[in-house]
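If you read the sequences in order, they're chains D and L. The end of the first sequence is residue 275 by this note's numbering, with every number in the run present. The end of the second sequence is residue 209 by this note's numbering, with every number in the run present.
Watch out, some of these pointers could steer you wrong.
[Unchecked claim] Covered by chain D, according to a simulated footprint, are these stretches of chain L (three or more residues, beta-carbon under 8 Å):
1) 49-58
2) 95-105
3) 108-118
4) 140-151
[Unchecked claim] Capping the alpha-carbon separation at 20 Å, the derived lysine to any residue pairs in SDA-like fashion look like this:
5) L:Lys71 with D:Asp118
6) L:Lys71 with D:Asn174
7) L:Lys44 with D:Asn125
8) L:Lys134 with D:Glu167
9) D:Lys193 with L:Asp36
10) D:Lys62 with D:Gly130
11) D:Lys205 with L:Thr141
12) D:Lys193 with L:Gln106
13) L:Lys40 with D:Val171
14) L:Lys40 with D:Lys205
15) L:Lys134 with D:Asp27
16) L:Lys44 with D:Ser120
17) D:Lys124 with L:Trp50
18) D:Lys161 with L:Asp36
19) D:Lys193 with L:Gln131
20) L:Lys40 with D:Cys236
21) D:Lys193 with L:Leu178
22) D:Lys161 with L:Thr41
23) D:Lys161 with L:Ser145
24) D:Lys193 with L:Thr133
25) D:Lys124 with L:Gln106
26) L:Lys44 with D:Arg244
27) D:Lys161 with L:Thr133
28) L:Lys61 with D:Asp118
29) L:Lys44 with D:Asp118
30) D:Lys193 with L:Lys44
31) L:Lys40 with D:Asp235
32) L:Lys71 with D:Thr185
33) D:Lys124 with L:Asp115
34) D:Lys124 with L:Leu178
35) D:Lys193 with L:Ala33
36) L:Lys44 with D:Leu114
37) L:Lys44 with D:Phe122
Honestly, the hints are just simulated from the structure, not real lab data. Backbone N, C-alpha and C fix where the C-beta goes; we use that ideal spot for every residue, glycine too.
Chain by chain, the residues:
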Amino acid sequence: MKSLRTIVAAIALLGTATFDRAAAQQDAVERELEKYRQMMKADPWSNPALLDADDGEALWKKPAGPNNVSLEKCDLGKGPGVVDGAFAALPKYFADADRVMDTETRILWCREKLQGIDNSEFLKNPHPGGGARVKEVGRIATWIASKSAGMKFAAKLDHPKEVDAVEVGKVLFNRRMGPFDFACTTCHADSGKRIRLQPLPFLSKPEEAKKVVGEWPAYRVSSTHVMTMQHRVLDCFWQMRMHRVQMGSEVSNALIAYMVKTAEGGDVAAPGMKR
Amino acid sequence: MISKTKTILAAVLGVSVAATLALAQSKPAIDPARIDAMLKTAFKAAPADWAGRIEGDETMKICSATNNAPKADDAKKIEASAKASMKYPDDGKLLGDWQKGERIAQSGYGMRFTDYPAANPNGGNCYACHQMTKQEVSYGTIGPSLLEYGKIRKFTEADTKAAYEKIYNSHAVFPCSLMPRFGLNGILSIDQVKDLTALLMSPDSPVNK
Numbered sequence: 001m002k003s004l005r006t007i008v009a010a011i012a013l014l015g016t017a018t019f020d021r022a023a024a025q026q027d028a029v030e031r032e033l034e035k036y037r038q039m040m041k042a043d044p045w046s047n048p049a050l051l052d053a054d055d056g057e058a059l060w061k062k063p064a065g066p067n068n069v070s071l072e073k074c075d076l077g078k079g080p081g082v083v084d085g086a087f088a089a090l091p092k093y094f095a096d097a098d099r100v101m102d103t104e105t106r107i108l109w110c111r112e113k114l115q116g117i118d119n120s121e122f123l124k125n126p127h128p129g130g131g132a133r134v135k136e137v138g139r140i141a142t143w144i145a146s147k148s149a150g151m152k153f154a155a156k157l158d159h160p161k162e163v164d165a166v167e168v169g170k171v172l173f174n175r176r177m178g179p180f181d182f183a184c185t186t187c188h189a190d191s192g193k194r195i196r197l198q199p200l201p202f203l204s205k206p207e208e209a210k211k212v213v214g215e216w217p218a219y220r221v222s223s224t225h226v227m228t229m230q231h232r233v234l235d236c237f238w239q240m241r242m243h244r245v246q247m248g249s250e251v252s253n254a255l256i257a258y259m260v261k262t263a264e265g266g267d268v269a270a271p272g273m274k275r
Numbered sequence: 001m002i003s004k005t006k007t008i009l010a011a012v013l014g015v016s017v018a019a020t021l022a023l024a025q026s027k028p029a030i031d032p033a034r035i036d037a038m039l040k041t042a043f044k045a046a047p048a049d050w051a052g053r054i055e056g057d058e059t060m061k062i063c064s065a066t067n068n069a070p071k072a073d074d075a076k077k078i079e080a081s082a083k084a085s086m087k088y089p090d091d092g093k094l095l096g097d098w099q100k101g102e103r104i105a106q107s108g109y110g111m112r113f114t115d116y117p118a119a120n121p122n123g124g125n126c127y128a129c130h131q132m133t134k135q136e137v138s139y140g141t142i143g144p145s146l147l148e149y150g151k152i153r154k155f156t157e158a159d160t161k162a163a164y165e166k167i168y169n170s171h172a173v174f175p176c177s178l179m180p181r182f183g184l185n186g187i188l189s190i191d192q193v194k195d196l197t198a199l200l201m202s203p204d205s206p207v208n209k
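With the sequences and hints as input, model every part of the structure.
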């Protein structure tokens with residue numbers, strides 16, 4: 001934030017009096033950020049998330065848990081072991097679990113069913129703190145997502161349970177909660193708004209959702225680690241003054257189903273790089 | 001039948017916003033009790049005294065269900081209950097210290113699960129959504145600009161009271177306002193609400209310079 005302010009201050013000196021000062025400053029900040037994003041895109045290997053994706057691949061293939069087997073037979077929706085394009089078709093309804101699951105929830109399921117791992121201890125603290133590295137499940141999710149990069153979001157979401165999850169997600173998206181009366185819509189239901197200097201995507205609007213939803217999991221510069229979508233949802237609830245939402249819960253999966261449905265046809269650009 | 005009528009109506013009206021809303025409302029509703037139960041499960045890590053954070057009061061139920069566009073009679077109900085919720089300082093003085101108010105406006109601290117036990121007083125985080133002073137260029141745009149708020153209103157007593165009330169519970173004026181009910185929900189103390197009122201309504205506050 002401090003460096004942003006420095007940029008703002010520096011550019012402000014160059015601004016002419018005829019411009020609305022604040023708007024000009026904001027444009028300058030946006031230009032600097034866009035330059036940064038373009039540099040990142042020009043050199044995709046500069047994204048530290050790729051290290052975690054690599055590690056995720058190794059973890060996927062490594063025998064682990066009481067059953068001492070790898071996750072290579074895990075069915076992410078396209079058949080056991082098929083990883084290419086799986087992320088772009090999730091979340092989906094899995095008959096074996098009788099519920100709608102996103103990538104991370106499905107990894108947890110396979111850890112339990114294939115490897116015999118009891119997830120309950122892990123689920124008490126599944127996400128990294130500021131500065132700490134993304135945990136193993138998140139690394140695997142980052143790798144799986146990277147194997148859909150360049151594809152279009154194409155989760156069908158037409159099974160009755162999937163349709164229901166999207167509808168529930170929409171209700172949750174509008175639900176005001178906590179002592180601050182916040183909902184997802186407080187920040188994400190209009191175009192061109194910002195919190196402080198941070199632009200906010202209008203996530204109920206397909207054009208805007210398509211641009212950002214596919215960037216997660218993403219390396220987040222401000223917290224210097226990869227943040228997965230389950231973690232990102234928790235982070236919004238934190239700001240809403242709600243507690244830690246259970247990773248893989250029906251609530252977080254419904255919200256993710258709603259966002260992915262809205263972003264249908266958008267590019268998967270994971271792992272992304274965010275502020 | 002009603003649902004079908006609405007669908008036909010929507011098709012006829014084409015792209016109008018009203019039609020889109022009617023169509024959206026004609027879908028089968030999700031049982032609110034199911035959502036409540038789902039949220040309780042998802043937030044089972046929360047302390048017992050956080051239960052109220054999920055449930056929400058009557059005002060929030062209406063605002064959530066109507067996407068913050070309550071029908072006229074509901075809007076009146078919300079306004080009335082917000083007016084009845086107002087609490088004022090015992091001595092009747094609504095203007096506190098604008099310098100303290102500025103610090104409250106800058107701070108987003110408080111009530112997040114990482115803020116316990118509290119190390120600082122709660123903030124109002126006004127700048128997250130509002131432009132307030134010319135000096136602070138890092139401001140959000142979800143709420144309207146409050147630049148020269150008091151000056152525009154000629155620092156009248158009536159507007160000072162109105163400003164205090166908007167901070168305490170904005171739904172008294174704007175039913176289903178997006179702004180937190182800082183006073184009613186106990187985010188800020190009455191003294192802090194006074195300090196923010198002073199930030200808006202004092203002639204010597206940077207808001208009015």
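Each hint tested on the structure:
| no. | hint | in the structure |
| --- | --- | --- |
| 1 | 49-58 | holds (count 4) |
| 2 | 95-105 | violated (count 0) |
| 3 | 108-118 | holds (count 4) |
| 4 | 140-151 | holds (count 3) |
| 5 | L:Lys71 with D:Asp118 | 49 Å, violated |
| 6 | L:Lys71 with D:Asn174 | 17 Å, holds |
| 7 | L:Lys44 with D:Asn125 | 13 Å, holds |
| 8 | L:Lys134 with D:Glu167 | 43 Å, violated |
| 9 | D:Lys193 with L:Asp36 | 30 Å, violated |
| 10 | D:Lys62 with D:Gly130 | 27 Å, violated |
| 11 | D:Lys205 with L:Thr141 | 19 Å, holds |
| 12 | D:Lys193 with L:Gln106 | 19 Å, holds |
| 13 | L:Lys40 with D:Val171 | 15 Å, holds |
| 14 | L:Lys40 with D:Lys205 | 28 Å, violated |
| 15 | L:Lys134 with D:Asp27 | 17 Å, holds |
| 16 | L:Lys44 with D:Ser120 | 13 Å, holds |
| 17 | D:Lys124 with L:Trp50 | 18 Å, holds |
| 18 | D:Lys161 with L:Asp36 | 18 Å, holds |
| 19 | D:Lys193 with L:Gln131 | 12 Å, holds |
| 20 | L:Lys40 with D:Cys236 | 17 Å, holds |
| 21 | D:Lys193 with L:Leu178 | 13 Å, holds |
| 22 | D:Lys161 with L:Thr41 | 19 Å, holds |
| 23 | D:Lys161 with L:Ser145 | 44 Å, violated |
| 24 | D:Lys193 with L:Thr133 | 19 Å, holds |
| 25 | D:Lys124 with L:Gln106 | 33 Å, violated |
| 26 | L:Lys44 with D:Arg244 | 9 Å, holds |
| 27 | D:Lys161 with L:Thr133 | 50 Å, violated |
| 28 | L:Lys61 with D:Asp118 | 38 Å, violated |
| 29 | L:Lys44 with D:Asp118 | 18 Å, holds |
| 30 | D:Lys193 with L:Lys44 | 33 Å, violated |
| 31 | L:Lys40 with D:Asp235 | 18 Å, holds |
| 32 | L:Lys71 with D:Thr185 | 19 Å, holds |
| 33 | D:Lys124 with L:Asp115 | 19 Å, holds |
| 34 | D:Lys124 with L:Leu178 | 32 Å, violated |
| 35 | D:Lys193 with L:Ala33 | 33 Å, violated |
| 36 | L:Lys44 with D:Leu114 | 27 Å, violated |
| 37 | L:Lys44 with D:Phe122 | 15 Å, holds |
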